[in-house]
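Here numbering that gives the first Met the number 0 is used: the first residue of the sequence shown is 0, the next is one more, and so on.
Hints are not guaranteed to be accurate.
Listed next, the in silico SDA-like pairs over lysine to any residue satisfying Cα-Cα at most 20 Å (straight line) [as the list claims (entries may be wrong)]:
hint: 1; residue 1: 34; residue 2: 44
hint: 2; residue 1: 34; residue 2: 24
hint: 3; residue 1: 34; residue 2: 46
Hint data in this document are derived by calculation from the structure and do not stem from the laboratory.
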Amino acid sequence: MFFEDRARVKKDKNEDLDSETQQIVQDNVDDMDWKDAVALTVAAASVLAPRFLIILFSYLFLIMLFFLIFV
0 MFFEDRARVK KDKNEDLDSE TQQIVQDNVD DMDWKDAVAL TVAAASVLAP
50 RFLIILFSYL FLIMLFFLIF V
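Turn these sequences into a full structure, and let the hints steer you where they fit.
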């Protein structure tokens, strides 16, 4: 019984937190203009670009190695 009550309380807290988080995100999205959207896109690209470049150059290196060895 005790554990069921704790689980129910934890679930209620998570639902309240999720609704608060969703409201904050929605407020921020409503206030966003095109400059904020560009800044967010640039920030996301700066995080993802290094991984993408590492993978790209790894594949290019493997292709170059293949041609050097087998062609």
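Hint check results:
For a cut-off of 20 Å, the pair hint linking residue 34 to residue 44 stands: about 15 Å separates their Cα positions. Distance check on the hinted pair: residue 34 and residue 24 sit about 17 Å apart at the alpha-carbon level, within 20 Å; holds. Taking the CA atoms of residue 34 and residue 46, the gap is about 19 Å. The hint holds against a cut of 20 Å.
Of the numbered hints listed earlier, not one is contradicted by the structure.
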